[in-house]
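Same order as they appear, the protein sequences are chains E and P.
Numbering follows UniProt numbering, in which position 44 of the first sequence is assigned residue number 44; successive positions increment by one, without gaps.
Numbering follows UniProt numbering, in which position 187 of the second sequence is assigned residue number 187; successive positions increment by one, without gaps.
By construction, these hints were calculated from the structure, which means they are not laboratory data.
Treat the hints loosely; a few may be bogus.
[Said to hold, decoys possible] Below, in silico cross-link-like pairs of lysine-lysine (PhoX-like), each with a Cα-Cα straight-line distance of 20 angstroms or less:
1) K120(P) - K272(E)
2) K172(P) - K210(P)
3) K172(P) - K191(E)
None of these values were measured; they are calculated from a predicted model.
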Amino acid sequence: MISETHKWKVAQRASPQKLSSSRGFFQIGKGVLIGSILPIILLVIWEIAARTGLLAAHLLPAPTIILEKIISMYQDGSLFGHISITLTRVFLGFAIGTVAAVVIGAIVGYAKTAERLLDPLFQAIRSIPSLAWVPLFILWMGIGEPSKISLIAVGVFFPVYLNIVAGIQGVDRKLIEVGRIYQLSPYQLTKRIILPAALPSFITGMRSGLGLGWMFVVAAELMGASEGLGYLLVVGQNTYSPDTVIASILLFAVLGKITDAVLKWIEHRSLKWQDSITNQG
Amino acid sequence: MLKVKRLKRTFNQDTAGFQDINLSVKEGEIIGILGTSGCGKSTLLRVLSGLDQQYEGTISIENGSNNQIGMMFQEPRLLPWLSVKKNISFGLEKEERNTEKYKTYLDLVGLTGFENHFPKDLSGGMAQRTAIARALITEPEILLLDEPFSALDAFTKMQLQDLLLSIWQKKKTTMILVTHDIDEALYLCDRIFILKGQPGEVYSEIAVEKEKPRTRGDGYLSKLKAHILHLLNVEKKAAGEQQ
Numbered sequence: 001m002i003s004e005t006h007k008w009k010v011a012q013r014a015s016p017q018k019l020s021s022s023r024g025f026f027q028i029g030k031g032v033l034i035g036s037i038l039p040i041i042l043l044v045i046w047e048i049a050a051r052t053g054l055l056a057a058h059l060l061p062a063p064t065i066i067l068e069k070i071i072s073m074y075q076d077g078s079l080f081g082h083i084s085i086t087l088t089r090v091f092l093g094f095a096i097g098t099v100a101a102v103v104i105g106a107i108v109g110y111a112k113t114a115e116r117l118l119d120p121l122f123q124a125i126r127s128i129p130s131l132a133w134v135p136l137f138i139l140w141m142g143i144g145e146p147s148k149i150s151l152i153a154v155g156v157f158f159p160v161y162l163n164i165v166a167g168i169q170g171v172d173r174k175l176i177e178v179g180r181i182y183q184l185s186p187y188q189l190t191k192r193i194i195l196p197a198a199l200p201s202f203i204t205g206m207r208s209g210l211g212l213g214w215m216f217v218v219a220a221e222l223m224g225a226s227e228g229l230g231y232l233l234v235v236g237q238n239t240y241s242p243d244t245v246i247a248s249i250l251l252f253a254v255l256g257k258i259t260d261a262v263l264k265w266i267e268h269r270s271l272k273w274q275d276s277i278t279n280q281g
Numbered sequence: 001m002l003k004v005k006r007l008k009r010t011f012n013q014d015t016a017g018f019q020d021i022n023l024s025v026k027e028g029e030i031i032g033i034l035g036t037s038g039c040g041k042s043t044l045l046r047v048l049s050g051l052d053q054q055y056e057g058t059i060s061i062e063n064g065s066n067n068q069i070g071m072m073f074q075e076p077r078l079l080p081w082l083s084v085k086k087n088i089s090f091g092l093e094k095e096e097r098n099t100e101k102y103k104t105y106l107d108l109v110g111l112t113g114f115e116n117h118f119p120k121d122l123s124g125g126m127a128q129r130t131a132i133a134r135a136l137i138t139e140p141e142i143l144l145l146d147e148p149f150s151a152l153d154a155f156t157k158m159q160l161q162d163l164l165l166s167i168w169q170k171k172k173t174t175m176i177l178v179t180h181d182i183d184e185a186l187y188l189c190d191r192i193f194i195l196k197g198q199p200g201e202v203y204s205e206i207a208v209e210k211e212k213p214r215t216r217g218d219g220y221l222s223k224l225k226a227h228i229l230h231l232l233n234v235e236k237k238a239a240g241e242q243q
């Protein structure tokens, strides 16, 4: 029991805010080490099972073969193209979705009338599974980039929007009163109190929005693309090459993790003031 | 300085809040508003500070400059995303906010060296000191204090009462202090208004004629305390005598 608690504490401390100190670096190393024990064991078992023929190679090829596939794609130059087009789509969709959510969310969160007017509509639209938009977007915009980016933007919009509205409406009345004592104008009140106070939930929204963005880029690229990681999935399926499929799944995982880490870093940088477990010490 | 005439603000069909309050406050005076809970003393400060505008009666303030009123609450109400330094400068105009003006007030409340701390790293007393500095930096004509020390432990409370007194001696800021602590009112105030009833009305006005700083537990203050306790407990005693 004691050792489990201890491990949990180690994992807690292995978060990025310790990056600056050398002791923190050591702690991260320790956290990564403990975290990688299981994956490494699984990889070794997988490799052995595939080599000895326990797993059918045409269904689940060995990890080394998948790695070779990625390296060969890197060598013939196609890897960079696939990754960059997918990243561009996610980035554009994410940016458009977030900006729209900030603008509309701020209005709805701040003005009661706007909330009564707009919120029911958005809640109704939100209950449509976003993938149901796919056929409509293709009809409207063709199978080119606009329909893909719009789909991603729609996916990103809702978590960001909901969190911004909740964040703004949840701002402590007591802090707003401090602003009113100093006779701040509505604009100053928003800028100096409401937005900073809503920042934590805004960032939470961005992180879940980004997760959905990655989900929707797969959907968008499955529905018809000539480049991108999602397109690789389709190619792999059609050419019976599970190595291509697993390679692109892996790349999705790595990219998703990296982009989330970037947001997490921004979160840490801008929320140092928060009195939370990760900020202790 | 400040004149209040027939001020009234009630809630729930006139069962809470206060009514018929008449006060006039002279420059440099410390006024205490004392009363049991629910007699509308915090509401009175909210009305005077402008946070609550639905009142009847008149409030007039002389020498009205722009930053007439400063307010301190029961909680420090610091903005958690700002450092101590920026919290103190919060009420200043934009041009002044990034100057060194905060330093004077940082030193005044004894927080030198803590300017870059975030509120989460402060103790309750330090946070309330920061709040005092924030309330003073705009040099308000009148400082309203809503039970400012009631959430602190006894020692910190006394320290901060002395701090407030020393600031008053330097700046002669007019203050209105709402409290339910009789000793605090007797230690700090020149005049004490006792509020009673629901809605609350001024039941009695007591002048504390003793030079500040005063000694805690001084004989004269003890007599006044007994008197105030008597005033506040009248109904209870009457009920007891009937039995």
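Structure-inconsistent hints, enumerated in ascending order: 3
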